[in-house]
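In order, the protein sequence lines correspond to chains U and H. Just add 1396 to the spot in the first sequence (first one is 1) and you have the working numbering. Just add 1396 to the spot in the second sequence (first one is 1) and you have the working numbering.
Where hints are given, some of them may not hold.
Which copy? The list can't say, so a pair holds if one copy fits it or any two copies do.
When the alpha-carbon atoms are kept at most 25 Å apart in a straight line, the in silico BS3-like pairs for lysine-lysine are as follows [said to hold, decoys possible]:
id, residue 1, residue 2
1, Lys-1573, Lys-1418
2, Lys-1535, Lys-1571
3, Lys-1627, Lys-1502
4, Lys-1535, Lys-1475
5, Lys-1439, Lys-1535
6, Lys-1560, Lys-1627
7, Lys-1645, Lys-1586
8, Lys-1502, Lys-1544
9, Lys-1592, Lys-1458
10, Lys-1571, Lys-1586
11, Lys-1535, Lys-1413
12, Lys-1592, Lys-1645
13, Lys-1645, Lys-1627
14, Lys-1627, Lys-1439
15, Lys-1627, Lys-1493
16, Lys-1627, Lys-1544
17, Lys-1418, Lys-1586
18, Lys-1458, Lys-1535
19, Lys-1573, Lys-1586
20, Lys-1493, Lys-1544
21, Lys-1409, Lys-1645
Honestly, the hints are just simulated from the structure, not real lab data. Computed from a predicted structure; not experimentally measured.
There are 2 protein chains.
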Amino acid sequence: MKYIQSSKNPVVKQWKKLLTKKGREQSLTYIVEGFHLVEEALKQDDTVIELILVEGVEMPNKWNSDGIEMIQVSEEVGKALADTETTQGVFAVCRQKDSEAINESKTFLLLDGLQDPGNIGTIIRTAEASGIDAIVLGKGTVDLYNPKVLRSAQGSHFHLPIIKGDLSEIIPVLKEKGIPVYGTALENGKEYTTVKPQDSYALIVGNEGSGVSGEILSLTDQILYITIYGKSESLNVAIAAGILLYYFKNGQ
Amino acid sequence: MKYIQSSKNPVVKQWKKLLTKKGREQSLTYIVEGFHLVEEALKQDDTVIELILVEGVEMPNKWNSDGIEMIQVSEEVGKALADTETTQGVFAVCRQKDSEAINESKTFLLLDGLQDPGNIGTIIRTAEASGIDAIVLGKGTVDLYNPKVLRSAQGSHFHLPIIKGDLSEIIPVLKEKGIPVYGTALENGKEYTTVKPQDSYALIVGNEGSGVSGEILSLTDQILYITIYGKSESLNVAIAAGILLYYFKNGQ
């Protein structure tokens, strides 16, 4: 197995570029970190390019690394690659998936300008759990392959198509197909429970501070809100998404 | 206005003790940070003891600080008190509330061994928004007055009674009153939508990794689960709490 001692090694420098959005976009690859995420990555076809293990870290027997280059690195290199303070010392360099066709999809979650990586990852995880067919990341939304997004998503990004797109172009296409498009806002809408869940729909959630932009809201069929019964001013956007996604799935 | 320059000043040393659980428990006070939380604190009767402003930070005109000691401090002191890297330079030392009577409460959220301060704060905010009457923090759950809990709760902790308690003692009391007690787990329960929402209930959510403990689950009337339609193994506990709390609130 190849061994890399120094974090100044040119290979390590290439890996470190994957910690930036620009580096990921240029190479169309990204890094996942930790046993759970690497294991999920290995289960996907044609995804992992290189497996990186800090010296002393054992690869679980059940992992299938056939045809994947394995590289052992020093603790120093592990720290240079880690997004967390307490790294597990295991990483995989992965191929970004081509945007999968989402033409067959019936249920969509659209993200407008979300900024908090933890929120985005939690929303992806929740949407995948609720059975959503596809996710669209609108302009201004943090990059899917940001390490903090991937960590919160807990591998769920492997299990459904997530594309980048201009929501103002995508919404009219959805509407033309007869898919109802629901925006979310604190006011000027209908309480979500007054809408009957349907087999096909698109739901939009927006920026943590400013919500879904006015331009995008104006394109929707209906704006929905969740009643606040207490004195809080709003719900966290990932919580709101969870409530709405499961309402649309299960009705009440 | 009193001014404190050095972070070695004995007053600052007392404040810094409030950043630890032990210090908060000994003094029955705690610190909130940032304009939003301090403003919420000032709206509460008999809560704020001291208002601390970093030099150069202006107090908004609308704040009513009658009868509250105001202290200006250096940036150095501000940094010593701050829990965030980008502090807004405004703090309030607050009295911990006496446990309010929760005898009149009809709806309860019980937390069993939650460890992530952000999750706990988000759950408090969500529960308050959903109209829950009272929250019980079971043993092993992170301290309410932890700065990260307070930040995620966004001031909602001022608006409903939150008590500490031994869930294994509280659950039998609730059941004796005829209040149905629902645990949550990934299995061995009923899908939540099969339960008819009621005016009065107690819901228990548990530790991020291990869930609600077996001992506590065995005391409940019914265990509920949320169906995972995708390949995710579980939902984030705050998301699960949000889905269940709004289902119980709105269910039909």
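Hint by hint, here is what the structure shows:
Neither within a single protomer nor between protomers do Lys-1573 and Lys-1418 lie at most 25 Å apart by alpha-carbon distance, with minima of 35 Å and 60 Å respectively. Taking the shortest alpha-carbon separations for Lys-1535 and Lys-1571, only the intra-copy value of 20 Å comes in at or below 25 Å, while the best inter-copy value is 51 Å. Proximity of Lys-1627 to Lys-1502 under the C-alpha cut-off of 25 Å is restricted to the inter-copy arrangement: shortest distance 18 Å between copies versus 36 Å within a copy. For the identical chains of this complex, Lys-1535 and Lys-1475 are neighbours neither inside a copy (32 Å) nor across copies (35 Å), given an alpha-carbon limit of 25 Å.
Taking the closest pair of Cα atoms, Lys-1439 and Lys-1535 never come within 25 Å of each other, the shortest separation being 30 Å inside a single copy and 38 Å across copies. Proximity of Lys-1560 to Lys-1627 under the C-alpha cut-off of 25 Å is restricted to the inter-copy arrangement: shortest distance 22 Å between copies versus 36 Å within a copy. Taking identical chains as interchangeable, the C-alpha atoms of Lys-1645 and Lys-1586 lie at most 25 Å apart whether they share a chain (18 Å) or sit on different chains (17 Å). Taking the shortest alpha-carbon separations for Lys-1502 and Lys-1544, neither the intra-copy value of 28 Å nor the inter-copy value of 39 Å comes in at or below 25 Å.
Taking the shortest alpha-carbon separations for Lys-1592 and Lys-1458, neither the intra-copy value of 45 Å nor the inter-copy value of 43 Å comes in at or below 25 Å. Within a single copy, Lys-1571 and Lys-1586 get their C-alpha atoms as close as 19 Å, which meets the 25 Å cut-off; across copies the closest is 37 Å, which misses it. When the C-alpha separation of Lys-1535 and Lys-1413 is checked against a cutoff of 25 Å, the pair qualifies only within one copy, where the shortest distance is 22 Å, while the shortest distance between copies is 44 Å. Within a single copy, Lys-1592 and Lys-1645 get their C-alpha atoms as close as 10 Å, and across copies as close as 17 Å, so both meet the 25 Å cut-off.
For a Cα distance limit of 25 Å, the shortest separation of Lys-1645 from Lys-1627 across copies, 16 Å, qualifies, whereas the shortest one inside one copy, 28 Å, does not. Only between protomers do Lys-1627 and Lys-1439 lie at most 25 Å apart by alpha-carbon distance; the minimum there is 12 Å, versus 45 Å within a single protomer. Taking the shortest Cα distances, Lys-1627 and Lys-1493 sit within 25 Å of each other only across copies (18 Å), while inside one copy they are farther apart (43 Å). In this assembly of identical chains, the alpha carbons of Lys-1627 and Lys-1544 lie at most 25 Å apart only when taken from different copies (20 Å versus 31 Å within one copy).
In this assembly of identical chains, the alpha carbons of Lys-1418 and Lys-1586 never lie at most 25 Å apart, being 40 Å within a copy and 47 Å across copies at closest. For a Cα distance limit of 25 Å, the shortest separation of Lys-1458 from Lys-1535 qualifies neither inside one copy, at 39 Å, nor across copies, at 37 Å. Taking the shortest Cα distances, Lys-1573 and Lys-1586 sit within 25 Å of each other inside one copy (23 Å), while across copies they are farther apart (37 Å). Taking CA atoms no more than 25 Å apart as the test, Lys-1493 paired with Lys-1544 passes inside one copy only; the shortest distance there is 18 Å, against 36 Å between copies.
Within a single copy, Lys-1409 and Lys-1645 get their C-alpha atoms no closer than 45 Å, and across copies no closer than 53 Å, so neither meets the 25 Å cut-off.
Hints 1, 4, 5, 8, 9, 17, 18 and 21, counting from the list given before, are not met by this structure.
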